[in-house]
Amino acid sequence: MSHALASIFAPGFFSNAEVEVAATVGAAVAIVAGAVGVFTVMRGQSFAGEALGDIATTGGSGAHLVAVGPLWGFATAAVAAAAVMEMIGIQRPRGRDVATGVVLGAGLGLAALFLYLDTNTTGATFVILFGSPFAITSSTIPLVVVFGALSLGLVLAIFRPLLLCSISPEAAAARGIPVRVVGGLYLLALAIAVALAAVTIGTILSTALLVGPAATALRLTRSPGRAILAAGAIGIAATWLGILMAYDSYYWPPVHQGWPVSFFVVTLIFLGYLLSGLARGRENRAAARIAAREPALERSIG
Amino acid sequence: MSAQASSGRGEEILSVERVSVSLAGREVLREVSFTIGAGEFTGLIGSNGAGKTTLFRVILGLTAAAGGSVRIAGRPRSRRNPLIGYVPQKFLIDPDAPLRTRDLVGLGLDAHRYGFALPSRARTERIDEMLAAVDAGRFADQRVGSLSGGEQQRVLIAHALISRPRLLLLDEPLANLDLHSGNEVVGLLARIAREQRIAILISAHDMNPLLGVMDRIVYIAAGRAASGTTGEVVRTSVLSALYGHHVDVLAVHGRVLVVAGAAGELAGASDPTHTHSQVEIIP
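These protein sequences, in sequence, are chains A and B.
So the first sequence is numbered by the working numbering: it starts at 57 and just counts up by one.
So the second sequence is numbered by the working numbering: it starts at 16 and just counts up by one.
Honestly, the hints are just simulated from the structure, not real lab data.
All residues carry an ideal CB built from backbone N, CA and C; glycine is no exception.
Among the hints, erroneous ones may be present.
The following label-pair restraints were derived from C-beta to C-beta distances [stated by the list, open to error]:
hint, chain 1, residue 1, chain 2, residue 2, range
1, A, G68, B, G152, 31 to 37 Å
2, B, T244, A, P234, 52 to 58 Å
3, B, H261, A, G333, 34 to 40 Å
Facing chain A, a subset of chain B residues (Cβ under 8 Å, in silico) [what the hints assert, rightly or not]:
hint, residue
4, K105
5, I108
6, A112
7, A126
8, H127
9, R128
10, Y129
11, A132
12, L133
13, D156
14, Y258
15, V267
16, R270
With the rest of the complex left out, here is chain B:
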């Protein structure tokens, strides 16, 4: 929205301008615009199916936009963009797969190259350094498949970071984690953004775990997006305009609840997940 001028923001790393996407004849995103500056921590918030993954795919160049443009560090996006690191949501690893933590992180360095990686001291040192940075050195030689969800998430972050990108995209990294592991991952990401000036764009269906660390928020609903600081975006007026009907933004015990069900829908629905509700009730 009108947030661009409000903060003294640094160099622009990602600029999404009026991006529209249609998949199988259905408009998924309509004129989505936002920017991310160097080292900024941005939450991409929206309910499941709101188009968060599609937006990531457009930024990565895997899905073509029907309109609009994506610029990375001021330049049009290229096919293989070394400036972007990506942590996918799905990860097909069998507990038996012969892949140690250090092998997966090493793939982050050179998976696009042909042939074998010859072991070298420089390569090993860089991998060890990266593992230490995400506090994963302890299980460097264990099979990735045998790690817990939170540990795997840290390894995937190391895999994406080792090629030294300027922007890190994470697709729902907190989705399958317990509260404690989730907070650890968020803390790690905030530290990376702050210390290494790497911009972070993290998608989530619940904004609450991110409230303490987000510099900015991009809120997606009904195919459109509003962006700015949380204070600017998470308001009854802004989100009502976005959803196209009245929503309530409630602050309860330091948590934000967005009650976005259409009038009467929430009360009448037997299963609240079938409404557009963003209500999160966690004890």
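Same shape as in the complex, but just chain A:
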């Protein structure tokens, strides 16, 4: 038994301080990303999420240049980009892709400049782009918690109006809900969530944590509250398993060199999504069988 456990958890896993920080931050981020991500998928704003993540690279590389913590850089760049997108016209379904694309281009231009200026730190570039939860210092935890609470609190506070706006902006407006304000607040929550996800798995991969668990949860659950809980749980599972596998990979042949955590996290999320498709397919077939039976039933009653 203990031998079996030892083969799953490599020596020192539970006593490693870096692992502990990574697991704590990873879980906090996964919960926030799950809640925000459910709406990102429902609203069809995955591209905006991806763009905000890419633009966070600008902030991360800029922060590294002026020697402040990367999370500040990620968050500043993502929030600023979200504000510009809102002004250009992301609230209009047809303006969405254009607003996102234009801001994305401008942001990445700056990122290229900052990463170029920062010539002697290729390691930093890799961490910004692809992340490393093992590189997170424990002093970052309070900031992660504050940002996480802000983003999660925002989404939960506007939960009902946001839900209706996501399904029918017309119906929401008819009820006197300020659709544009709600959309803007959501974009702010999204920008912060993306910045947080960038801390764990890097700017380029941050959308995977945001969209992947949420898309999987959507297939497995039927109500919005449960989808948020499921997305958080899936995100935590993928992050923790990813951390474990990355830790174990130091002991893997042939090179005995740790593999990036991000690779494992993103791959696990993707596999989960594929598996959920099988579950959903079974549910659909069951529903089709019921639907096929129903008219006959109605005839026999009426």
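Got chain A; can you put chain B on it based on the hints?
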């Protein structure tokens, strides 16, 4: 038109007075006037682009009128008007969206409030009651996105009705439904108007599915409107005056056809939908 005195109508729920609207410099509605009484079933009839949705937006307070006024139950309209329920034409729901029928109907109760809805027995009972009233209890726990068009329409009606409005606006609810589902929706709406005294204003490009249930009709063409009972409005003289040129109103097998193409236009056009034709030919 001169219909106001003809029927003994009850309390006035909606009064639209000389409303004019211009969008991007184009006059969409010109001095449109009509009233709706409690529990009346009114059809807002006009071809696509006639200004039906614009008129709804003015009634809801989402588009400003260049002139005229809208009064709800005798009072000027307010920003959030709990007396009006609205069923939009477009509805962006993905089949995968995690939203059950009961969640959407629940949003009709409190979507304007902040935070989560805490589950309560009273809330659940009210939702179940509403679902039963529109005969949607059977799919209460299914994803809304997985329902058929007619089922979704019933859920949207429940969503709009659960806050107990006095006037229900429906934007082209029959547009994407087959004949059978359409008739079911119309029957449901007629029952709601009759039993709960909720006034219904329903827009449609074809008046025929509504002929049996409409108390009154508001016919929009060329930016102007004529209102009254169907007998008063759907006449060659009234509609010709409205369109500004001669139109023919034909009754064929219990259906009404309005041939409103300008002289020669209908015969000459290769595609009749490009004329102002209201001809509906359904086998």
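| message | Which constraints among the numbered hints does this structure fail? Numbers only, ascending. | response | 1, 2, 3, 12, 14, 15 and 16
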